[in-house]
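**Q** For reference, the chains in residue letters:
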Amino acid sequence: MARQVKKIICIVCPRGCEITVEIEDGEIKSIKGYTCPLGKKYAEKEVVNPERILMSVVKCINGDLPVVSVKTSKPIPLSMMKKASKALSDVSVEAPVKIGDKIIDNLLDLGVEVVATRPCNEERRAE
Amino acid sequence: MPEGITSRSYDVVVIGGGPAGLAAAIKAWEKGLRTLVVETRDRLGGIPLQCIHLGFGIHYFKEDLTGPEFVYRFIDKLIGTYIDYTVKSYVNKALYISPFEKKLEIITPRNTEVIETKTIIYTAGARERTRYEIGITGPNPAGIMTAGEAQTLMDMYGVMPGKKILIVGSGDVGLIMARRFVLEGAEVVGVVEILPYPSGLMRNVQQCLIDYGIPLLLSHMVTAVKQRDGRVSSAIVVEVDENFKPKPGTEQEIECDTIVIATGLRPRTKLLEELGARIDPRTKGPVVNEYYETTVPGVFAAGNALIINDYVDYAVEQGEIAAEAAAKYVSEKGIKIKKPVQVELGRNMRLIVPQILTLTNDALFYGRVAKPEENVWLIFRELGIQIPQLKVLPSIMIRQKIRLDKLEELIDSKLTIEVIPRG
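Just so you know, the protein sequences line up as chains A and B, in that order. Numbering-wise (my numbering), the first sequence opens with residue 125 and increments by one. Numbering-wise (my numbering), the second sequence opens with residue -5 and increments by one.
Bear in mind the hints are in silico, worked out from the structure with no lab data behind them. Every residue, glycine too, gets a C-beta built ideally from N, C-alpha and C. Heads up, none of these hints are tricks.
These stretches of chain B come out as covered by chain A in the derived footprint (C-beta under 8 Å, 3 or more residues):
1) 41 to 48
2) 139 to 153
3) 176 to 185
4) 194 to 200
Could you build all of it, start to finish, from the sequences and the hints given here?
**A** Here you go:
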C-alpha cells in the first residue's frame, strides 16, 4: 500500500493556505486546509500535474523598448517552464505590439498561445 | 490628449504617474478638476510596467493581470480625457503659499515651468532600501543592485544582471526576481533572510523558490562582500540568533557574481517634507487624516508614498480617495475638522493610516501588526468595535473601513486600534 501525504501551499490568492493532501495508491483520499473551492481544485491538480503560467519577455525590433513582456494564455506543466522560457529567448517580434497580440500560436506543441502583456510602440527616430 | 503642460494653473497636480497617480488623476478629472500629472520616467505607468508577473487587479478588476496589463487600463483611460500629463519631468521645488495656492517648479525636457495649483496629490511611490541600510558596507564592485533595478534591467531593457545570483531579503520583489533569474538561465545560489520566517507571501515562496529548488536561508545575513577584478565574487553569509547577532562558527562563503538587495521599500517623502508635512516614524510616510490629506492643507498622499502597500489595488483605492478629497477641498474651500481625533496604536499594532481623523468622512484604515498571531480580535477600542481575524501577519496588511455614522459615536479625542487574542 503506497500511502503518501503531500503538503502544498496554495497559489490561487495571496492568502497562501497550507493544504494537506492524503494519497493512497495514486488516489486522493483526503484534502485538508483549503478555505475556498478554488483552493480545493488547485490542490487536486497540484498533486497530480502541477501547472503554472509562464511570464517572460521577448525581443522587440524597432520598439521604444528592446523587449516586450508576454505570458502563456493558459498554464503549462511546471516541468516545462525552463524549456519554454528558453524557447522564448529565440523569439523576436517587430514593433508595434499591442496588449493581447499573439506572439506564438502553439508554444512547444503544448497547445498554448503566447500573448503580449505590454504594448511596444515604434521607436521615435530623432528628427 | 497629447503630452504637455497647457495651463499656468490647475486645481490639482498629481506628482507621480504610477497606479495611485493615474487613478487619482482620472477620478479628479471625473470630478471636474483641472488636472496635471507629472511623471519622471519617459512614460506613464510607474513600477507595474516592469512587473511582468501576474497578481495585479484581483480586488479592483476581479481579474488576475500582469503589471503592465493592469496599469494600461488606467493609461488608456487617461489618454482619452483632457487630463494634462508631462513625462521625463521632475518637480524640483514645491512651495506652500496659502491653503489655495501652491507653487511648483517643474523641469521638463522643453523648459522649466512654474505653475500654481490649489491642491497636490503626491503619489511618487517608494524607494528601495539600499545595501548600506542593511549593514553591507565596504567596497562597491560591479554586481550589487536592488531587486527593482535588476527588474528594470531585465524586464524593461532585456539585460541580464548576472549569472550566479545571491538575493538578500525575502520580500515579494526578491522572490519574484529569483524565479525570473532562473527562468532566464541564471543560477540563484540562495535567498538570505535575517528573520526566522519569509517576509514575502507564502504563495511566492512556493511558486518562485520551492518550484525551482532555490534555497531559502532563514535567520541568516550577509556580513561582507568579496570582489575580484572589480566584480562581486562571493558573499560571506552567517547565521544569526534571535537578537540578529551572528552565531560564531556559522560563517560560510557563497560564490556569486551578483548580489540583489530585496529588503523592502520606504515611502518617498522629500517633497512632502519640503512642503512642511509631518512624517510618521512608523509608516515612514506622511501623517494623514481620513482624506489622506497630509498636515499641509490641500496636499494629499496615496499609494506607496503614503504607506507601503501589499497590493496595487490598495494604491489605486487610496488615489481615488485622495482625488475625491481634493475635489471636496476645491469646492468646499478646504477640509473642515468637526473634532480632531488622534489614532493610537494599541497591542500588536505596528503602524496605521490614517493617523488623525476629522470625523467628517468614512475612514479606510490600513495597518500592519507587529507579530504573527492566530484567532484574534481587531479592536477599535473607544468605539467598542471588534472584528474577528483568523490570522494576522506582519506581511499581510489589515484593511478596515469604519463608516462615518459609527465614527460619530466617538466621545474621546483618541481612537486606539489594537489586536487582542480571542477567548
